[in-house]
Each structure stands twice: as C-alpha cells, then as structure tokens.
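Engineer: Residue numbers (the working numbering), protein chains in the order written: chain A, 277 to 474; chain B, 456 to 547.
Errors might be hidden in some of the hints.
No more than 20 Å apart at the CA atoms, straight line, and that leaves these computed lysine to any residue pairs for SDA-like [as the list claims (entries may be wrong)]:
1. B:Lys458 x A:Gly391
2. B:Lys458 x A:Val322
3. B:Lys458 x A:Met434
4. B:Lys458 x A:Phe466
5. B:Lys458 x A:Asn325
6. B:Lys458 x A:Asp304
7. B:Lys458 x A:Ala313
8. B:Lys458 x B:Ala468
9. B:Lys458 x A:Ser463
10. B:Lys458 x B:Val485
11. B:Lys458 x A:Cys312
12. B:Lys458 x B:Val469
Computed beta-carbon distance windows for the label pairs [claimed, not checked]:
13. A:Phe462 x B:Val480: 17 to 23 Å
14. B:Arg479 x A:Pro300: 30 to 36 Å
15. B:Lys458 x A:Ala355: 27 to 33 Å
16. B:Ile510 x A:Asp304: 22 to 28 Å
17. B:Arg542 x A:Thr326: 29 to 35 Å
18. B:Pro482 x A:Val306: 20 to 26 Å
No wet-lab data here; the hints were simulated from the structure.
Beta carbons: idealized from backbone N, C-alpha and C, even for Gly.
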Amino acid sequence: MKGSLIIVAFFVLGIACGVMNWLPQLPDNVSFFTLCALMFCVGITVGNNTAMLKSFIRLDRRLLLLPLMTIVGTLAGTAVAALGLPHRSLADCLAVGSGFGYYSLSSIFITRYRGPDLGTVALLANILREVITLLGAPLMVRFFGPLAPISSGGATTMDTTLPIITRTSGQEFVILSLFHGFLVDFSVPFLVTLFCSL
Amino acid sequence: MLKIVAIMLCGVAVGFLMRGRRLRVVPHAVTVLIWLLLFLLGVEVGSNPQVLGGIGELGLEALWLCLAGLAGTMLAAWALWRYVDSRRGRDS
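In isolation and in its complexed conformation, chain A is listed as follows:
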C-alpha cells in the first residue's frame, strides 16, 4: 500500500512539473531508455528466482490453471466492458485489462504505444485493481472462494497483495499465489504489446 502511494506521488509530482513547465524540454527517448533498463532488471529478477520454480512441482496440478483463468476472465470482462466505451477500440480496452494490476509497467507501455490518454486510464484502472484487492479480499473469499483474491490480485500476488491473500485465503495458498503472480506478471509485457499492436 505504501509502495503504491509513493508511485502515485511521483505521478502527481510529474503532473505538477508538466503543468507548471518546471522542466526543460526532455529528449524524446528518455522514457524509452528508462523502460529498456527497467525491463532488463525485471528480467534479471525473474531469471534469478530458481527457488520458486522448484516449489511449483508440489502443487495440485489443477490449481496450476489459475493464472490462465485470471487472464481469460479479466480479458472476457474487459471485452464486455468495451461495449460500454464506444470511443475505445476493443484492443485498447484489452490492453488496459492485461495490466492485471501491474500499473507501473502497463501504463508505461501503453503511454508509449497509445499515448498518455490511454496510459492514464491504464494507470488508474490497474491501481484500482490493486486497491480493491487489498480492501475487498475478505468479501471475495466469502462469495467466490479462496482463489478469488489471488485472481483479483493478478500480477501483484507475488508481492503487494501476498500478505492479504495469506490472511484471507489461508497459508496453504502462498505457493499458488507466488506461482500465479510470477506467471501473470511475466505475461503483462507480452499481452500489453500484443493488444497495442493490433
């Protein structure tokens, strides 16, 4: 929660700088190179984490389908929502949906390929997803079972929403939650770029 507040603070600070014209004109590709550096670092953290790969083996096989359910469910829901937004294309809506709560990365990608307008929608939609998961996890477990907060957390179930998932779904879902976050997280850059290029 604190992490996302800091991120929002940086976003707001950026807006203030933009409105007040405090910054000198930045070269166009500053954000591109920063993004490349970020993706390289994200890749390193994924490749470095072999312990997680090993613990997957002990999981109930059928539960391994959960990341797929999360992805399919979210995309189906956003596709339906796209009907209510006639000025947005289906691909744009799906790109926003495939952030799966990973607001920093998805909004950066979408800003780059679709402009700051849709990038802002992506940022807000995915921050909301994380916040709703953090606040609503107990209700989700009650109505939709212990897998619901994990699906809802999307790409964040490896880090920010992990504590609330262990509290509400139970300790036995920790490994599943990590595995789920790992896979969904990994799918974000692929799916977002895919839908942005359609």
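With chain A's structure known, arrange chain B on it following the hints.
Structural biologist: Coordinates of chain B only, in the frame set by chain A:
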C-alpha cells in the same frame, strides 16, 4: 515493441546465469526506475492540456474497465475452485 521484450529475455538469461548470487541491488533499481517512469508519465499528462482536462472522465473509464475485469476474473476463479473442490471430495 519486440526490442523491449528481447531486452527482458536478455535480462532473464543474465539473471539465470547469476543464479548463485544474491542480487540485492536489482529490486532497488527496479523501484527507482518505476518511480522515474511514472514521473515522466506524469510530466507527459501534465503538459498535455487535453488529457489533463479529461482526467475525471478517464478515471471513470478506468473504474469501469477495472470492475468489469475483476468480475470476469472472479467468476473464472470461482469456477476453477468449484471444479477442484468437487474433485477433491470425490478423490478422498
């Protein structure tokens, strides 16, 4: 776009090759880079009067997309849980 995915895959390879070592700097670097990028996104939004003017509407759009996605994903999670849970009952 492919370039960025390729760079990430290079990172995965580097991370895998260095799997014996604890890379404590990398998560910090990720955090700082994310701050920087969100700041830059803010600058872009702030210096674009059209986006800034529509931020309330963009927020509603975001809420709508978020809730719809969550509804879909929760139904999918519920279906999987029903399936796993029922099979479990039969197995034991």
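Engineer: Return the numbers of the hints above that this structure violates; sort them in rising order.
Structural biologist: 3, 5
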